[in-house]
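Chains as they are written, first to last, in the numbering used here: chain A, 1 to 393; chain B, 1 to 393.
Hints listed in this document are in silico derivations from the structure and should not be mistaken for laboratory results. Keep in mind the model is a prediction, meaning the values are calculated, not measured. Glycine is no exception: its CB is placed at the ideal position from the N, C-alpha and C atoms. Hints are supplied without guarantee of correctness; some may be wrong.
[As the list claims (entries may be wrong)] Between beta-carbon pairs, the in silico distance windows are: (1) B:E61 <-> A:A389: 54 to 60 Å; (2) B:R222 <-> A:E269: 47 to 53 Å; (3) B:E273 <-> A:N340: 51 to 57 Å; (4) A:G98 <-> B:E301: 55 to 61 Å; (5) A:L284 <-> B:N234: 39 to 45 Å; (6) A:A133 <-> B:K223: 44 to 50 Å; (7) B:E27 <-> A:G316: 43 to 49 Å; (8) A:E273 <-> B:P23: 35 to 41 Å; (9) B:T220 <-> A:G375: 44 to 50 Å; (10) A:A320 <-> B:E115: 54 to 60 Å; (11) B:E269 <-> A:A160: 55 to 61 Å; (12) B:K223 <-> A:A160: 40 to 46 Å.
[Said to hold, decoys possible] BS3-like, lysine-lysine: derived pairs with alpha carbons at most 25 Å apart: (13) A:K225 <-> B:K87; (14) A:K223 <-> B:K87; (15) A:K183 <-> A:K225; (16) A:K87 <-> B:K183; (17) B:K126 <-> A:K225; (18) A:K225 <-> B:K225; (19) A:K223 <-> A:K183; (20) B:K225 <-> A:K87; (21) B:K126 <-> B:K87.
Take a look at the letters that make up each chain.
2 protein chains.
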Amino acid sequence: MAITSFNPPIRTLMGPGPSDVHPRILEALSRPTIGHLDPAFVGMMDETKALLQYAFQTQYELTMPVSAPGSAGMETCFVNLVEPGDKVIVCRNGVFGGRMLENVERCGGEAVMVEDDWGQPVTPDKLRDALAANPDARIVAFVHAETSTGAQSDAETLAAIAREHGCLTIVDTVTSLTGTPLKVAQWGLDAVYSGTQKCLSCVPGISPVTFSPAAMEKATNRKTKVQSWFLDLNLVTAYWGSGAKRAYHHTAPVNAIYALHEALVMVQEEGLENAWARHRHLHLALRAGLEAMGIEFVVPEAARLPQLNTVKVPAGVDEAAVRKQLLERFGLEIGAGLGNLAGKVWRIGLMGHSARPANVLLCVSALESVLGSMGADIRRGEALAATEAALNA
Amino acid sequence: MAITSFNPPIRTLMGPGPSDVHPRILEALSRPTIGHLDPAFVGMMDETKALLQYAFQTQYELTMPVSAPGSAGMETCFVNLVEPGDKVIVCRNGVFGGRMLENVERCGGEAVMVEDDWGQPVTPDKLRDALAANPDARIVAFVHAETSTGAQSDAETLAAIAREHGCLTIVDTVTSLTGTPLKVAQWGLDAVYSGTQKCLSCVPGISPVTFSPAAMEKATNRKTKVQSWFLDLNLVTAYWGSGAKRAYHHTAPVNAIYALHEALVMVQEEGLENAWARHRHLHLALRAGLEAMGIEFVVPEAARLPQLNTVKVPAGVDEAAVRKQLLERFGLEIGAGLGNLAGKVWRIGLMGHSARPANVLLCVSALESVLGSMGADIRRGEALAATEAALNA
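Chain A on its own, in the form it takes in the complex (with noise of 0.2 Å):
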């Protein structure tokens, strides 16, 4: 055995994330360790907790970064309200409606299917029948964005309907927190939860969540204990909550969110309303350029994730040859289709630092370049002309 330190090799990221770390947060990951009991750490745990307030668009006591990835986020928010017998309407149009599932069940909750097709939002009165038909449930979850086919529901709708029929709201947010409009407090959604590798362009491993004085009202007055310890929230709280007594409940990870603290530090300074405006203006010269060669959108207009852009694979191609090549030859990552659409489909990220305009460029360009050298059916020649003048638009 001899290995040796490992040096990754120079990545564009523009798949459904990790998108391309900031050299700030990398630097900042990098600081000195500290104790996570220490003065300073709680201190900056507090600007963490007012940072991704902002982010998420409010005020929510309980908005707190998860030790673990966006699935133990997507539990955290399972576990503290389902109880068993619990009857959940899940809202599924994708990957990660189906997960939604497997925690309710896990939960020893009853769901309730609504089923869309992948690639389209959500549908509104397909949910209202579904709280008509099932009076008696008690939570709606579904995905704000569908990180596994690019379409976005329409978050603000869906929870209003919830809310008639007196159900708390369960929403995952991994793709659209900063990169699309989000407005937990004004939408009245309840139990939010995201992930820190997309729109964030942090490092991987963390998960923001954010519950209403609601949620944690259910989630503090449950009859039975919370299935997992190291996420319920009636300990988690002791130890992010405020106050300046905080309780020992797990190692948080210290520089993980130092990179967290300045991821959200630069979307302060950008302001969100500008990097909405900012994802939004790349996506629509990033379609520019892949549409002068031909290449289709899978989601229709109106629900497309300016962030997150699914593409059909021109017919014939070999998609996971294409991938290979963009990145051996250009070091440009893109996505694979997941589920239902794997084969058929990429997904292109724009997300976060990756949304800036000479990403928009390479894309479109080494896109061109591996398509036409494998002979695939595209025109070529107008891409870069239609991408210039979208950025300039």
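Since the structure of chain A is already known, use the hints to place chain B on it.
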């Protein structure tokens, strides 16, 4: 709101963890992020597994880092192995045995407690008696190195007793891994978890685990689904398993794995036996200095962990004021007592990169200085010479 970048104060970390992180590891942590399904990352995952096998002294196929802190590593062991109704013998001689009890109950298992005083190792005869009285027990859980007390239990003997009674073992090695002898395969331990922020002197946030074939057989032949989707080894192994085909489960904390890989390369370079000897040598030097001042150890000599020194606060001394002065005047962090020992002891860590002669000298001299200035009843003027003599021994 005007929150700016966080610049941590410079500390010397001699508490119960995190320990000082070596600059090489901080530098590895900050290397550019790549995709978690990038072929280069997948190859590095295999190296990380091999290096973890060396650190754990095992060839168990399921040896991998859980993408969350040690508490989640503990939970991984319990949720995968304990099915509702399973009887589990839990040995408790500190905080973490109590956390194991919480885990058993939240999995629907029935816990039978074997109690020892805090600061004492687990008494093998008590385990024998509990197993004789509970022939239907399926699992024995104990802590190898109790982080709350600094006591080391005889894992080899306890595992042998469990095996005689047909039980699997779940073993907490959070504080022991690479700091004191741990031979997972030779001792026949079954489900073992650790942390990165102790003797690996890596950043906190990741939990290495290793499962024996017998443990994996129980985990993969359950009658019920694992209650945690995030920690379900039946799913996680498709991501961290062997073979070229990796199925997406969650997004690995890419940069934290870079750091763990580097920490493990450093363990390999030093050699486990040398690392164990270093921890022991520096423990003896610290002990010499502390005892020369008249400070007493809590744990009986035979059960002392070299990497975690729990000592009694001298009579009449405000222990929190001492820690505050050490932190503010010298940037030195030592740990408070936890649970039953709160207010009565300090926990002084000598873990990984913190286990070096300069740290021992700093700790001894800073303690003498602060305690002296507070008028504590300690012997003065002898500690430095005693420490030097032990360092040179």
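We went through each hint and held it up to the structure:
1. B:E61 <-> A:A389: 54 to 60 Å: Because 55 Å falls inside the window, the suggested range holds.
2. B:R222 <-> A:E269: 47 to 53 Å: At roughly 49 Å between Cβ atoms, E269 (chain A) and R222 (chain B) fall inside 47 to 53 Å, so the hint holds.
3. B:E273 <-> A:N340: 51 to 57 Å: Taking Cβ atoms as reference, E273 (chain B) and N340 (chain A) lie about 53 Å apart, which means the hint holds.
4. A:G98 <-> B:E301: 55 to 61 Å: 56 Å, holds
5. A:L284 <-> B:N234: 39 to 45 Å: 43 Å, holds
6. A:A133 <-> B:K223: 44 to 50 Å: Check failed, 32 Å falls outside 44 to 50 Å.
7. B:E27 <-> A:G316: 43 to 49 Å: 46 Å, holds
8. A:E273 <-> B:P23: 35 to 41 Å: Cβ of E273 (chain A) to Cβ of P23 (chain B): about 40 Å, so the range 35 to 41 Å holds.
9. B:T220 <-> A:G375: 44 to 50 Å: Distance hint for T220 (chain B), G375 (chain A) holds at roughly 46 Å.
10. A:A320 <-> B:E115: 54 to 60 Å: 57 Å, holds
11. B:E269 <-> A:A160: 55 to 61 Å: 60 Å, holds
12. B:K223 <-> A:A160: 40 to 46 Å: About 42 Å separates the Cβ atoms of K223 (chain B) and A160 (chain A), which means 40 to 46 Å holds.
13. A:K225 <-> B:K87: Distance of about 19 Å is within 25 Å: holds.
14. A:K223 <-> B:K87: At roughly 24 Å apart (the allowed maximum being 25 Å), K87 (chain B) and K223 (chain A) satisfy the hint.
15. A:K183 <-> A:K225: 31 Å, violated
16. A:K87 <-> B:K183: Not satisfied, since the Cα-Cα distance of roughly 47 Å exceeds 25 Å.
17. B:K126 <-> A:K225: Violated. K126 (chain B) to K225 (chain A) sits at ~30 Å, over the 25 Å cutoff.
18. A:K225 <-> B:K225: With Cα atoms ~19 Å apart, K225 (chain A) and K225 (chain B) stay inside 25 Å; holds.
19. A:K223 <-> A:K183: 31 Å, violated
20. B:K225 <-> A:K87: Given that 25 Å is the threshold and the Cα spacing comes to 19 Å, the pair holds.
21. B:K126 <-> B:K87: 17 Å, holds
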